[in-house]
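Chemist: According to numbering that gives the first Met the number 0, the stretch in the sequence shown is residues 0 to 370, in order.
Wrong hints could be hidden among the right ones.
Unchecked claim - Derived DSSO-like pairs (lysine-lysine); straight-line CA-CA distance at most 27 Å: (1) 93 to 60; (2) 303 to 335; (3) 221 to 303.
By construction, these hints were calculated from the structure, which means they are not laboratory data.
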Amino acid sequence: MTEIVHVGLEGRAYDIHIGPGLLDRAGALISPLLRRPRVVIISDENVAGLHLETLRKGLEKNGITSEALVLPPGESTKSWRYLEQAVEWLLDQKVERNDVVLAFGGGVIGDLVGFAAAILRRGVRFVQVPTSLLAQVDSSVGGKTGINAPQGKNLIGAFHQPSLVLADTEVLGTLTTRDFLAGYGEVVKYGMLGDSVFFQWLEGNASCAASGDMAARIHAVKRSVEMKAAIVMRDETEQGDRALLNLGHTFCHALEAATGYSDRLLHGEGVAIGCALAFELSARMGLCSQEDPSRVRAHLRDMKMKVDLSDIQGELPDADGLIALMGQDKKVVDGKLRFILARGIGEAFITSDVDPDLVRAVLSDALRARG
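Work out the full structure: start from the sequences and follow the hints.
Modeler: Structure follows, in structure tokens:
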């Protein structure tokens, strides 16, 4: 039942394994990478409490010993403080350049541990073992690593490709409904940006995946990963096409900053709202029909996801305040915001030619609808 997607970057190629029971088989899959039968694992308290023992036993089957560092869960762990703790612990563990570090957790752990591996001894190898849907379909693939700064998300980091990705779809069964749906925000993004047939499949099958259908989960993860891998192979360091993966993210990052990177808004929830706003902006610019944003919003509603600014609890800045937060985004080029807009579902493109007054109007209307 395992699917494999190959990321064919020259000199840095790796496989992504997708399917149930991969933690149990981790030793067999990781041992070909090892010079000595030892790995170090960095995880968070939630994941370690549920799954660390399974992973360790899977490694031990192949005679691989392990040491683990367990960090607090949550976005605030993607910071200088925990990066320093992770790097110093790895040095204390006498990790060498030929050793392998395992990033065992969601997107926060994957980004943090990948960055620690990138800067340790000018680069040690690491394996992504993503445990959230969001990490399995997005952050574990493509080599973007990093931490947040007070000025904004992911502003400090490096491109550092993993040596292997093990996406165990069985682990998704321990996610809360909210966390699964937040991850789904990134899955549906792939359909919106480049595959209308996949979007249509999701309209019919995503609710089965959400309710635990393993075959549907594997297909959703595999198709998402295939699309991301294809884009990464074309544009590893985001000089062009890779920016398409940021559909919804210009709005999303501003909303995350406005809510203090807190549990008020999870990243995937922000992506879903951001995609709805990006399609609304596209329709108002005459790029796509008004039916497209309506269809996007209807599907997100069917999945019982956050869709509108009114779905975010508590205070939000006004439209100008949100636009100012967008200005901190990494996608600013020559002082101009880059938006990923769409000519239809599955037809996203990158542009800096957006009237700021139109963006303000879309945000003002969305804020007014909050009442």
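Chemist: If a hint holds in the structure, say so; if it doesn't, say that too.
Modeler: Taking the hints in turn, this is what the structure says about them:
1. 93 to 60: The hint holds at about 23 Å.
2. 303 to 335: Violated, at roughly 34 Å.
3. 221 to 303: Roughly 23 Å separates the two Cα atoms, so the pair holds.
Taken one by one, the earlier hints fail for this structure only at number 2.
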